[in-house]
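J.: The chain contents come next:
Number of protein chains: 2
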Amino acid sequence: MADSTEMRFWGWGSDADAGELQPHIEGWLAQQFGSPLQSPAAPPSEQDVRISKSKLSKRVASGLSSIVGAANVRNDRHARLIHSAGKSYLDLLTMRSGKRIPAPDAVVYPADHDSVRAVLKLCAKRGVAVVPFGGGTSVVGGVAPLRGDFESVIAVDLGRMRSLLALDETSRVGTFAAGLRGPELEHTLRAHNLTLGHFPQSFEFSTVGGWVATRSAGQASSGYGRIDDLIVGARMATPGAELNLEPNPGNAAGPNLRALVAGSEGALGVISEVSLQLSQLPEASRYEAWMVPSFASGADALRALEQAGLTPEIARCSDRGETEMGVAFSGLDGAKAKLLDRYLRGRGVEHGSLMILGWEGASGSIEGRRRAAVDVLGEFGAVALGRGAGRAWAQSRFHTPYLRDHLMSRGVMVETLETSTTWSNLISLYRAVDKVLAMQAVVVGCHISHLYQTGASLYFTFLTPQTANDAAGQWRQLKSAACQAIVDNGGAITHHHAIGVDHKPYLKAEDGAAGIAALRAVKRELDPSGVMNPGKLL
Amino acid sequence: MADSTEMRFWGWGSDADAGELQPHIEGWLAQQFGSPLQSPAAPPSEQDVRISKSKLSKRVASGLSSIVGAANVRNDRHARLIHSAGKSYLDLLTMRSGKRIPAPDAVVYPADHDSVRAVLKLCAKRGVAVVPFGGGTSVVGGVAPLRGDFESVIAVDLGRMRSLLALDETSRVGTFAAGLRGPELEHTLRAHNLTLGHFPQSFEFSTVGGWVATRSAGQASSGYGRIDDLIVGARMATPGAELNLEPNPGNAAGPNLRALVAGSEGALGVISEVSLQLSQLPEASRYEAWMVPSFASGADALRALEQAGLTPEIARCSDRGETEMGVAFSGLDGAKAKLLDRYLRGRGVEHGSLMILGWEGASGSIEGRRRAAVDVLGEFGAVALGRGAGRAWAQSRFHTPYLRDHLMSRGVMVETLETSTTWSNLISLYRAVDKVLAMQAVVVGCHISHLYQTGASLYFTFLTPQTANDAAGQWRQLKSAACQAIVDNGGAITHHHAIGVDHKPYLKAEDGAAGIAALRAVKRELDPSGVMNPGKLL
Numbered sequence: 000m001a002d003s004t005e006m007r008f009w010g011w012g013s014d015a016d017a018g019e020l021q022p023h024i025e026g027w028l029a030q031q032f033g034s035p036l037q038s039p040a041a042p043p044s045e046q047d048v049r050i051s052k053s054k055l056s057k058r059v060a061s062g063l064s065s066i067v068g069a070a071n072v073r074n075d076r077h078a079r080l081i082h083s084a085g086k087s088y089l090d091l092l093t094m095r096s097g098k099r100i101p102a103p104d105a106v107v108y109p110a111d112h113d114s115v116r117a118v119l120k121l122c123a124k125r126g127v128a129v130v131p132f133g134g135g136t137s138v139v140g141g142v143a144p145l146r147g148d149f150e151s152v153i154a155v156d157l158g159r160m161r162s163l164l165a166l167d168e169t170s171r172v173g174t175f176a177a178g179l180r181g182p183e184l185e186h187t188l189r190a191h192n193l194t195l196g197h198f199p200q201s202f203e204f205s206t207v208g209g210w211v212a213t214r215s216a217g218q219a220s221s222g223y224g225r226i227d228d229l230i231v232g233a234r235m236a237t238p239g240a241e242l243n244l245e246p247n248p249g250n251a252a253g254p255n256l257r258a259l260v261a262g263s264e265g266a267l268g269v270i271s272e273v274s275l276q277l278s279q280l281p282e283a284s285r286y287e288a289w290m291v292p293s294f295a296s297g298a299d300a301l302r303a304l305e306q307a308g309l310t311p312e313i314a315r316c317s318d319r320g321e322t323e324m325g326v327a328f329s330g331l332d333g334a335k336a337k338l339l340d341r342y343l344r345g346r347g348v349e350h351g352s353l354m355i356l357g358w359e360g361a362s363g364s365i366e367g368r369r370r371a372a373v374d375v376l377g378e379f380g381a382v383a384l385g386r387g388a389g390r391a392w393a394q395s396r397f398h399t400p401y402l403r404d405h406l407m408s409r410g411v412m413v414e415t416l417e418t419s420t421t422w423s424n425l426i427s428l429y430r431a432v433d434k435v436l437a438m439q440a441v442v443v444g445c446h447i448s449h450l451y452q453t454g455a456s457l458y459f460t461f462l463t464p465q466t467a468n469d470a471a472g473q474w475r476q477l478k479s480a481a482c483q484a485i486v487d488n489g490g491a492i493t494h495h496h497a498i499g500v501d502h503k504p505y506l507k508a509e510d511g512a513a514g515i516a517a518l519r520a521v522k523r524e525l526d527p528s529g530v531m532n533p534g535k536l537l
Numbered sequence: 000m001a002d003s004t005e006m007r008f009w010g011w012g013s014d015a016d017a018g019e020l021q022p023h024i025e026g027w028l029a030q031q032f033g034s035p036l037q038s039p040a041a042p043p044s045e046q047d048v049r050i051s052k053s054k055l056s057k058r059v060a061s062g063l064s065s066i067v068g069a070a071n072v073r074n075d076r077h078a079r080l081i082h083s084a085g086k087s088y089l090d091l092l093t094m095r096s097g098k099r100i101p102a103p104d105a106v107v108y109p110a111d112h113d114s115v116r117a118v119l120k121l122c123a124k125r126g127v128a129v130v131p132f133g134g135g136t137s138v139v140g141g142v143a144p145l146r147g148d149f150e151s152v153i154a155v156d157l158g159r160m161r162s163l164l165a166l167d168e169t170s171r172v173g174t175f176a177a178g179l180r181g182p183e184l185e186h187t188l189r190a191h192n193l194t195l196g197h198f199p200q201s202f203e204f205s206t207v208g209g210w211v212a213t214r215s216a217g218q219a220s221s222g223y224g225r226i227d228d229l230i231v232g233a234r235m236a237t238p239g240a241e242l243n244l245e246p247n248p249g250n251a252a253g254p255n256l257r258a259l260v261a262g263s264e265g266a267l268g269v270i271s272e273v274s275l276q277l278s279q280l281p282e283a284s285r286y287e288a289w290m291v292p293s294f295a296s297g298a299d300a301l302r303a304l305e306q307a308g309l310t311p312e313i314a315r316c317s318d319r320g321e322t323e324m325g326v327a328f329s330g331l332d333g334a335k336a337k338l339l340d341r342y343l344r345g346r347g348v349e350h351g352s353l354m355i356l357g358w359e360g361a362s363g364s365i366e367g368r369r370r371a372a373v374d375v376l377g378e379f380g381a382v383a384l385g386r387g388a389g390r391a392w393a394q395s396r397f398h399t400p401y402l403r404d405h406l407m408s409r410g411v412m413v414e415t416l417e418t419s420t421t422w423s424n425l426i427s428l429y430r431a432v433d434k435v436l437a438m439q440a441v442v443v444g445c446h447i448s449h450l451y452q453t454g455a456s457l458y459f460t461f462l463t464p465q466t467a468n469d470a471a472g473q474w475r476q477l478k479s480a481a482c483q484a485i486v487d488n489g490g491a492i493t494h495h496h497a498i499g500v501d502h503k504p505y506l507k508a509e510d511g512a513a514g515i516a517a518l519r520a521v522k523r524e525l526d527p528s529g530v531m532n533p534g535k536l537l
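In the order they appear, the protein sequences are chains F and D.
Residue numbers 0 to 537, in numbering that gives the first Met the number 0, belong to the letters of the first sequence in order.
Residue numbers 0 to 537, in numbering that gives the first Met the number 0, belong to the letters of the second sequence in order.
No lab work stands behind these hints, which were simulated from the structure alone.
Certain hints may be false.
Stated by the list, open to error - Okay, derived cross-link-like pairs now, DMTMM-like style, lysine to aspartate or glutamate, Cα gap no bigger than 25 Å in a straight line:
| id | chain 1 | residue 1 | chain 2 | residue 2 |
| --- | --- | --- | --- | --- |
| 1 | F | K507 | D | D228 |
| 2 | D | K478 | F | E245 |
| 3 | D | K503 | F | E245 |
Please build the complete structure, drawing on both the sequences and the hints.
T.: Laid out in C-alpha cells, this is it:
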C-alpha cells in the first residue's frame, strides 16, 4: 500500500486541521441570508456510504498485480471510496447525499514510469478505463471514476512516485516524479536554497503531475509564472507509447510538445515525470494590505504595476463584495471595525477594494521594488493598511476549503469560479458574470489575481442557502448560467481549474471545432483504445 | 500584383544596401585560409537562370483566379523565380549553380483570411501542394517548392496581407495580418509608443506570420521573450477548417493550441492573423561591449545575470574565435588594435571573450539596472570596452547576410548553426560542436545569446574555402556532422531557425517517435489531403 496523505472522503484535509465554524462568520452569513444557518448536519461516516460493486475481472486484477505487486492493487472499500471523487462542490454534495457512490473498481499504485506504462498497456489491451489520480483535489470532476464504454475503471494513484529524480542546480531545473505533493517538493528544494514558487490553494495535497496535467497557476504566479511557463521537460506514458521531452530552455523544433502534455488532464496518458524551472528561495517576504477606491481603480493599478514590470510576486484585488466578506470573516471586533471604517472614510476609500500585495526575494531587492510599486499605487488612490492584514491573508490562504465543509454542513452552498481575459475586457467581463451570480446567490465576491502583461484572471466566490432537496440542481443551474456568461463575454472558461467534466461543454468556445478535432486526433494516436480518463477534457 | 519588398533571387536584400566586401575582411580571411580568396564570380542574372516549366492546370489556375483575382495569380518567370527558394547557404548555392531551378508552378496572393481558406480548400480538392510564403527568409529550406506526391505546387505569398488589424492599447495586444514585415510592424506600433521588441537578423524582410510559424527568437529575446512567449491569439486557415484562438493572457482550458500554431511551419495550415503581446517603446537604449577572460566565465556571468533577473534586453558573449573574427571584421587599424591589445592584456583579458550588452527601457530605469548588472559582471572579471563597440554591433546587426553574398562570390563557404541547452550543459555542448566544425572549417566562432533562467542558445558561424565543384556536398557533410554532434550532446536541433527540410531528420531526437506521431495525427486531421508544405517539418 502507498504511503499517502489521504483527505476526508466527504471533504477537505483532515479533522485535525479543520477547526470549527467561527461564530462571527455564522452570524454574518445569517444576517446576509436573512435567516439562521441550518443546524449542523453530521458528515457521513464511511460505513454508511454505499459504493458500487467492483467489476474488475480476476484476469485484469492478476495482470495488474504482476506489474505492481498484489499489495499495490487495492479493491477494498476504503481505497475505492477515497478515489471515487475529487473535491468539487458537486463531489462533496454527492458524498453527503446518501446515494450510492460510483467508485473505481480498483486502485493501482505503480512505483515508476515503466510500471505506469505496463499498467496502461494492459488496460488498453483489456479495455479498462484509467483515471490518473494525483492529489485528488480536482474541482471540475477531473478524477471522477467514469468508465465510458468500458466494463471497468481503475484509478492509477501516483502516491508511490514521490521523489526528486534529478536536480540541476546550475540550470535551476528539478525533475520530479509526478506524485510528489507541494509541501514535500518545497521541503526538498529548500535544502538547496531553491523553490518552485508554485502555491495553488490545493498546495498541501495536490501533486506536481496534477499541476502540469491541469495547467495550474499558483497564488504567486504573477511572480514565478504559471506551471505551463515553468515546464522545461516532461515524460508522459500513454497506452501505446511514451512522450519523452528532455529539459530544454527554448527552441524552434516544431510545435512545443510540452504544451501538449500541459493541460492533457489524463486524457492522453499519465504524466510520470516533470522537469521544472526553479527559483532561488526568497530570503525575505513582505505581505501587505492596501485599499483602493474601487474595483476598477484596483484593476488599473494592478495593470500599471504589471506593465511597468513592478508586480510583486503576489498581487490581488477584491471587489466590494469580497472585501466586505473578507473584513467580516476576519472577525474584527466592533470597536476595531469602527476605527477601520473611520480611517478608510477619512482617506476616501470607504466601500473600497482590498488589495493584497506580497513581495518575495532577496532582502536587499524587496525595498526598492516595493518603493517603486508604492509610487504607482499612490497614483490610483491606494491607501496602505499595513502588514498585519497581509500576513493574515498569507497565513490563512490554504484554509478556505475547510470553511466550505463547515458551511456545507450548515446548508450553505459555497462555490468558486474563475476565468481570465485581457485587461481591456476585465471589468466588463466581471460585471457580466457578477450579475448572473448575484441573481442566484446572496453573497458574491470576486478578486483579480494572476497578472499578465496582457490581462489577468477573475476569481469569484459565492455563498447562498442551499435549495432544499435539490442542491445539485441549484448548482447546475447556477454553474451553467455563469459559464455561459463567461464565454459569451470573452472570458476563458477556466483560468486554472481545468476542464474536467464540468467545463467540457465549453471547450469549443475556446478551441473551436477544429481545435477540438486536432486534440481528438492526438488522443486517437496516443490512446487508440480510448481508455485514458474517458469523459474528461475531450 | 502585390506590393512587396523583393530580395535578390540569388542572395540577400538589394544591391543598393549590399555594400562591398571590405579589403581588410578579405585580407584577414586570406591570411586565415593561407591563400587568397578566389577572384569575384559575377552573381547569376535572371535571364540566365533556367527554371522548371509551370505544371499548373488551367482548371486550377482559373479556380485560383476566381478567388483572388487573375492579377493575383502569377505564373510569370520572375514571380516564380523569386519564390523558388529561401535564403539558406544551400539555396544560394543552387541559384549560383547554373542548374535548372525547381520553382512553384504559380504564386498566389490572397487578400485576407477568407481568401486563404478558399485557396487551401481548392488546392486540397484538386491535389495542389501549397507552400506558405512570408518573407522567404528561411535558412532551412522552409519555402522550397516541394510538391510531394502532387502534380503541382503553388506558393501562397502573404504580401497583400500586411496591416495592423486591431490594437488594444490597454491590454498591449496587437493583432496583425500575417504578411506584415518587421519594419512596417515596428513603424506602425511606434505611433502608439509601443514595440513588439522582436528583431531577428531577418527583421527587415521576415513577416509576423513567418516568425510564429517558425518560433522565431529576436536578438532582444532575453528582454522581450521569444515569439512563442508573445502569442496571445492566432488564426490559422487549414484545408479543412480554421483554428481561431482569441486573444487570452493565460488559461487552463486543456492544451494551449497557440503552441500548435507556433512552429507549425506551414505544414498544418497558413497562419493568417496573429495577436501578440506588445511592450512600451523604450525611451532610451544603451549598448555596450565588455570583455571577459574566457568563454566559460562569460557563460557564468550571463547565467548569473539571468538568474538574478538582471539580464539586459540584449545579452551575448562570443567565444575566442568569434571575438577575433569580430575584431578583425571591425577593421581597427594597426595602431588602435595594438592599443586595444595592450589595454586588454593589462586587465588580464587578452584572448578573452567579447560580450555585447544592450539595455532598453525607460530612461530612468536603465541606469539602476545597469549598475546592478555591472556589479555582477565585475565578479566574473569583465572589463568594460565602452559604448562605441556596442553601438557598432547594433548598427551592423542586420547587415551580416550581405557579407555572406560577397564571400560566396569569392568562393567562401559561410554558414551558421544554432542550438540551445541547459546552463549546466552549455560549455560541454559548445566544445563538442566546435570540435566537429573545426575539423572541416578554417574559421569557426560561436556566441551565447537568448538567455533563459534554465539555459541559453549557442550560435555558431564558420567560414572556409569552398570545395571546388562540390560546395553542396561539402556543406552536406559538415551540416550532418554538426547536427549529429548537437543531438548527441543534448542540444536542441534548432533554437530559432526551425526545422524545414534541413533539420527534419533530427526532429525525432527532440520529439521521439510518439511526439512525431502525435503531430502527424494533427496534420492528418487539419490537412487530410496532405497538400500543406509537403516535405517540411514532419
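J.: Work down the list of hints and note, for each, if the structure agrees.
T.: These are the hints, each one checked on the structure:
{"no.": "1", "hint": "K507(F) <-> D228(D)", "result": "24 Å, holds"}
{"no.": "2", "hint": "K478(D) <-> E245(F)", "result": "23 Å, holds"}
{"no.": "3", "hint": "K503(D) <-> E245(F)", "result": "18 Å, holds"}
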